[in-house]
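Mind docking chain B on chain A? Use the hints.
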Amino acid sequence: MAAKFNNTSSGEVKRSFNLADRIFGAAVLILSIIIFLIILYPLWFVIIASISNSNLVNLGLVTFWPKDIRFYGFQQILEDERIWRGYANTILYVVAGTALNMAVTMPAAYALSRRNFSTRNKIMFYFVFTMFFSGGLVPTYMTVSSLGLISTKWILIIFVAINTYNLIIARTFIENSIPEELYEAAVLDGCSHFSYFFKVVIPLSKAVISVLVLYYAVYHWNDFFTALVYNSNQKNSPLQIVLREILLLNQAFQSGVGSVQGGYAQGAVDQVKYAVIIVSTVPILCLYPFVQKYFEKGVMIGAVKG
Amino acid sequence: MKREEEKNLMLRTKKYWTKNWQLWVMLFPAMLYIFIFCYVPMYGIQLAFREYNFSAGFTGGDWVGLKYFKQYFESALFGTTLRNTFVISFWSIVIGFPAPIILAMIINQLKNKRWKKVVQTTVYIPYFISVVVLVSMINILFKSESGVAGNFLKMLGLVAQDTNILGKESAFVPLYVLTGVWQSMGWNSIIYIAALSSVDSQLYDACKIDGANRWQTMIHIDFPAIVPTIVILLIMNMGNILNVGFDKVYLMQNSLNLGVSQVISTYVYSVGVKSSQFSFGAAVGLFNTVVNFVFLVITNWISKRSTGTGLM
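Chains as they are written, first to last, in numbering that gives the first Met the number 0: chain A, 0 to 305; chain B, 0 to 311.
A few of these clues could be false.
[What the hints assert, rightly or not] FRET-style restraints, in silico, Cβ to Cβ:
(1) S274(B) to N115(A): 51 to 61 Å
(2) A75(B) to L146(A): 31 to 41 Å
(3) A75(B) to I37(A): 53 to 63 Å
(4) G210(B) to A206(A): 35 to 45 Å
(5) K69(B) to L247(A): 29 to 39 Å
(6) A75(B) to Q291(A): 15 to 25 Å
(7) W20(B) to P178(A): 47 to 57 Å
[Said to hold, decoys possible] Within a straight-line C-alpha distance of at most 30 Å, the following computed DSBU-like cross-link-like pairs (lysine-lysine) qualify:
(8) K116(B) to K13(B)
(9) K18(B) to K205(A)
(10) K1(B) to K13(B)
(11) K234(A) to K247(B)
(12) K292(A) to K66(B)
(13) K1(B) to K121(A)
Read the hints as simulated data drawn from the structure, not as lab findings. The C-beta atom is built at its ideal place from N, Cα and C for all residues, glycine as well.
This is chain A alone, in the form it adopts within the complex (with noise of 0.2 Å):
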């Protein structure tokens, strides 16, 4: 921080006025806006999409604000019940499953920064080895098929209990932050690991905490993956499963609503789609500014051992 407040002062004191760097500071705001504009403008266009007549949409006249605003979409939404299973079904599936992900993945982490564990170098390659090398999708289908996972809820709450990498960063993170000394009159007033771990550890690791908080839910909101792979049974679809049987298998109702003839049914369809695209992706993205400001240091954590 020391360094950031110097390197301003001391650059609005000798104020150059010189041509090649206002030159440079112009292209540098241009670039900028350039960028702004090309990753915002998609979004925003699926939100003007989404409230407009498709019709016009689909003649591309919608292009920078909403035109002849309605909300069929979204009322169309609000009477699918598969959207609403969906909903359920990730909900639970985010919540267990991170709750799993935490309380295997933080007390693993821990016993793994105690520098005077012996055997902690070899436990660590047990988990390292896995990130390089793995039995492979169809061993994986096998296993998880001959323990009678298939198409059960459960599989996709624990299909990934812990993520190595995440036990990497919460690991260095306890073992870099919270001081060694701690550790030692914990043990003189005669403290346990566990007791340490629960009254020392994880009160001094919010940072960490939340940072693994968002990664396992942002995944668990957005896999596709296990779902796809692992499960056939149509209740225990998440969101992203019914996501993509609407937007990209074409399967946009239900049978039976979606009934009327021609281009306005094609119409109704795509509004359905912009919909969607908005009422899955806003709920994670609420969870962005409440842990934003611990990105950087999760991910500087993450880099130190990567």
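Relative to the frame of chain A, chain B by itself:
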């Protein structure tokens, strides 16, 4: 003498366990999970060398050696899937790797704090969009007649007027790579931005005294400061050369682009899981894993020799 040693060993073991049993309890769930879902499947790799037998599981079928590998290497899809996988990975690295570096340097040069914050916040957002949503956005924005992005490219003359971008084989890789850049450029730039913000401010002052302009400062101070980060991330990327993300390729596949979009992982899924050719699927999957592993070891070895940093 021997007794003494045994006693010693027992004492040491006892001491180890009284000291560490709680740590093992804490590790147990994680190790159990990894054992079941990572090591048991590794044991199941032998399926690639055996005839699959429904009742006998991994180890029961007859040993057939390299039969399924031969079948893959001799099939027409071997060349196609391998080439597609390499082409997609290659362009993903060539285009996708420098993009966040350039973005970070641009963001770092922005003087207006407010605008800088706005840009940073915006470029992170696409990372949170799911692959399903991203692919459907691609389908909407590049739809043959009404797609806004497609029409924009046509207006600029970058794409011929009547092309169906989504159905064109030659458009698949650019579309895959550039939308990938759109999605992850911001997120991947975080690490470089953080590295840039820790550059010693004395270096900037020295530069100013020497009369360097901002471009020169960027090239001679900022860029060298992030080179170590760049090297490490490059090695990690190289080790994943055959790990093309399954989800996005799979979802972007359609009957028109299958010639360039069938990659090893989607092929494993379609033969191994969907059509239940378990042994053949396992063999193709093992080939993929081994190639990746070899790449990782080689890049790691090169980087250890040349820069002294490596993963293992």
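Structure-based check of each hint:
Between S274(B) and N115(A) the CB atoms are about 53 Å apart, so this pair conforms to the stated range of 51 to 61 Å. Between A75(B) and L146(A) the beta carbons are some 36 Å apart, a value that agrees with the proposed interval 31 to 41 Å. Under the hint 53 to 63 Å, the C-beta atoms of A75(B) and I37(A), about 39 Å apart, miss the expected range. The given range of 35 to 45 Å is respected by G210(B) and A206(A), whose C-beta atoms sit roughly 42 Å from each other.
Taking the beta carbon of each, K69(B) and L247(A) are about 36 Å apart, inside 29 to 39 Å as hinted. Range check, A75(B) to Q291(A): about 49 Å between beta-carbon atoms, so the 15 to 25 Å window is missed. At roughly 25 Å, the beta-carbon separation of W20(B) and P178(A) lies outside the given 47 to 57 Å, and the hint is violated. At most 30 Å may separate the alpha-carbon atoms for a hinted pair to count; K116(B) and K13(B) exceed this at roughly 56 Å.
Note on K18(B) and K205(A): the hinted pairing holds, with a Cα-Cα distance of about 27 Å set against a maximum of 30 Å. Between the alpha carbons of K1(B) and K13(B) the distance comes to roughly 18 Å, so the proposed pair stays at or under 30 Å and holds. Between K234(A) and K247(B) the alpha-carbon distance is near 24 Å, which keeps this suggested pair within the 30 Å criterion. With a C-alpha separation of about 54 Å, the suggested pair K292(A) and K66(B) falls outside the 30 Å cut-off, and the hint is violated.
Annotation: proposed proximity of K1(B) to K121(A) holds, straight-line Cα distance about 28 Å (limit 30 Å).
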